[in-house]
Structures are given as C-alpha cells and as structure tokens.
Amino acid sequence: MPEQQPPDDALLAALAARDLGALATLYDRYGRLAYSLAYRILGEGEAAEDVVQDAFLSAWRGAGSYRRDRGNPRAWLLSIVHHRAVDILRRKTTFRPAPLEMAESQPSEDDTALAAEKNVEHRTVREALEALPQAQRRTIELAYFGGYTHVELSELMGVPLGTVKGRMRIGLQKMRRALERSR
Amino acid sequence: MNEHVLDELEAYALGALDRADAERVAEHLGVCASCRSDAAALAEVVGTLPETVTPREPRPALRDRIIAAARTGLSQPAHAPSRRWSFGAARLSRVAFAGLFAAIIVLGAADIDAYQRTMAITAERDDLSGLVESMRQGSREWYMAGKDAFARAGGTLYDPRADGKQPFVLFHDLPSIPAGKVLTIWLVSPDSTWARAATFQPNGKDIQAVRINMEVSGFDRCAVTLEDSSWGPRYGAVVMESRIAPPTTP
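These protein sequence lines map, in sequence, to chains A and B. With the first letter of the first sequence counted as 1, position 23 gets the number 23 in the numbering used here; the numbers rise by one all the way through. With the first letter of the second sequence counted as 1, position 195 gets the number 195 in the numbering used here; the numbers rise by one all the way through.
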C-alpha cells in the first residue's frame, strides 16, 4: 500500500509550525514545476534557481499568513514564482516592447509543444490552451510567460487595449470551460 | 476604493498589470467579495498554465540550499531589524572591535544634558554592549572596501565565535542612496549562489551596524549591492565586497 502523502494544506500548516520536513516535501512536490516555470519565463537556469529558492523561502516565512481564499497552496506558491520571475524579467529588459516577431521567437512555442503528455491534467491544460484561436492564445502566453502588461501588449500587437482585454477574457473563459468539462 | 475591477481581473490574474494597477486591484479585492470570488476563479485557470511548460530539472543542490537557508535563519523575518546608532565622527573599520569598547567609554562620559538624549544614548550603548558581548570569545572579521560612489565607505563583517551569536556588519561613511533604493548584504557561496542576508537603508550617520540573519560558514564572499527591491535575487550593482577566508585548520 503506497504511503499516503499529506495534502498541500497540511504541508502549509506544518510550514507555519517551522517543520523543515514539510518544506522538503513541498519542494519535492512542486520544486520541479516551479523551476520549469521560472526557467520558461527567464530562460536561464541560475536565475530560475534563485527565483525558486526565493519563492520557497518566502513560503516558509509566509505560510502563517496564507489564506485559502486567495487560491490553493500550489497556485499560491506558483504565483510567487511567477510574480518574482516576471519582476526580474521586467527590470532586466527595461521592458520596451520588442517587435512581435521577436517576442514570439522566445521559447514559448517550442516549450509548450513539448509539454508533458504523461499526465492527464497536463494534457488537458495543454489541449485547452491549444484549442484557443491563435490571437487569444498568443495574448495569454505573452502576458503570462513573456511578462508583458496589457498596455504593452496593445502596443506590441497593434490592437486597442480593449481588444487585448477581450482576448484575455474570452481565452480564459474558454480554458475554464474546457477544464471544467474534463473533470 | 469601491469601484469594481471586473475589467482588469483577467490581466491581474495573468500578472499583466503594472505595479500601480495591480496594487489598486489587490486593494479592491481586499474589500469586495464579489470581485474576489471572480479573481479566485480566474487564478485557478491561470494556475494551470505552468502545466504547459516543458518540465526541467533544477540542480539537486537547490533542494539542499533551500533547506539549509531555512534552517540557518531565514525563518526569521526577511528584513533584519537593523540596529543603528551614531557617536560623533568616529570611524570604525578593521579595528572596530577595539573601537567599540572605546565608543562605549565615550558614550558613558558624554555630555548628557537632557533626559531624552540620555535615554537615546543609553539605548545605543546597550546595542553596542550587546555586540561587544557577542564578541567576548572573539570573532572572525572581513573588511569590505567601498567602490565608486561608496569609495569613502566600507563595512566590516563580524562573525562572533561564541555559539548562537549573530553575525553583523559595521558600516562606516555610508552615503545617502536614491529614494526607493535599498542596500542589501549578500553572502555568496562557492557555487556563486547569492543569499540575501539583510536589507537596510543608510541612517545618515557615520557608523551603522546591521545584524544579519544567516550563518557565515559555507560562504566564501560577502558583498553589498544597491537594489530596487527588498526581496528577490541580486540584480543591483556591487558597491562593496570582500572574500571570506575559510576557517583556519588547526
């Protein structure tokens, strides 16, 4: 009988009680995903590791103030990783919108094309994203992985801000429905 | 702020708002259950996006690094409370240990003509006494020479030999820094990992001590950088640094 793993909420409670074993378990569970996300955004291993270290230590310090209504522990942890990686990316590049072709030549297409297919959930998310019209998918990817603000995307893509917002809204709605259907 | 932010929730969930707008939306979410509920639903969808990324393996040492950092003191508040004081134009550098004793004497004999001043100096002296006490069994120390705009400044990292005593850096002649910037003390490991040890701002006085929240052992360099943010990896310019000699073997 396989050993039962503690749920994420229990891990965060243990973190708040300064249980280093819980921190190790949390890392074993999400360290790879966190690193993959940071690497995808920053495109560089050392910087990605720094972000992951910072995020896990932030979780270690902030577990006591974690609130469930702000998202599940996995989403909370990954949002820290995402926020910090994007923050570094923006400061690194002084963030002048690059030509669209350049932005698209960043690793997004290749990376997503190789997404893990072993796991049903991975495949479902991947399919939901791929099913979006290209403009919606591109908007979501450039915003989330490229670190562009919606205003910058408006300039970058040469469309009104309202169009960018609309693409984000409709794209995320479709993804949500697709994910709900799969459950 | 009561105006709903429905128009911006998707961008907020994707992290696609600038800092000011994101803070405004976050502020609204703190008081609006309806928008908060919508934001949580969007966050759940956005939270699946990392699943589309190619899995990559970090180096195995990262796990140990994180656990070690948590174990050795980063469980304490991220921003170490800095202990600050001033005692005239005295300058401490490599000989600061001896100077601390002298400073205490100076403080004790100071011309104290007002109760508040007495209390302030007493507090400063207590701080000094605490540091001196921590070094009664000696300490290892390394001087960081300032560069560029910090050329007249410097800081000595003290690592008390007594068990459980906190390392600290004693700075001298720190210049003022631009608004919004902070100084960060880093310990750098042999594999070039930069660990944030403390973040602070110059207090405008000749001498400033900043305690750090990490053990020095295991690192081979210390440095101070000028940063835009009080968290996150190093990005700013190094304004002073020093190699940290390994412990001498008997």
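I should point out that these hints are in silico values taken from the structure, not numbers from a laboratory. Glycine included, C-beta positions come from ideal geometry on N, C-alpha and C. Check each hint, because a few of them may be wrong.
Stated by the list, open to error - Partial list, derived from the structure: chain A residues whose beta carbon lies under 8 Å from chain B:
id, residue
1, L33
2, R40
3, G43
4, L132
5, Q134
These are the hints, each one checked on the structure:
{"no.": "1", "hint": "L33", "verdict": "holds (6 Å)"}
{"no.": "2", "hint": "R40", "verdict": "holds (4 Å)"}
{"no.": "3", "hint": "G43", "verdict": "violated (11 Å)"}
{"no.": "4", "hint": "L132", "verdict": "violated (12 Å)"}
{"no.": "5", "hint": "Q134", "verdict": "violated (15 Å)"}
When held up to the earlier numbered hints, the structure conflicts with 3, 4 and 5 and fits the remainder.
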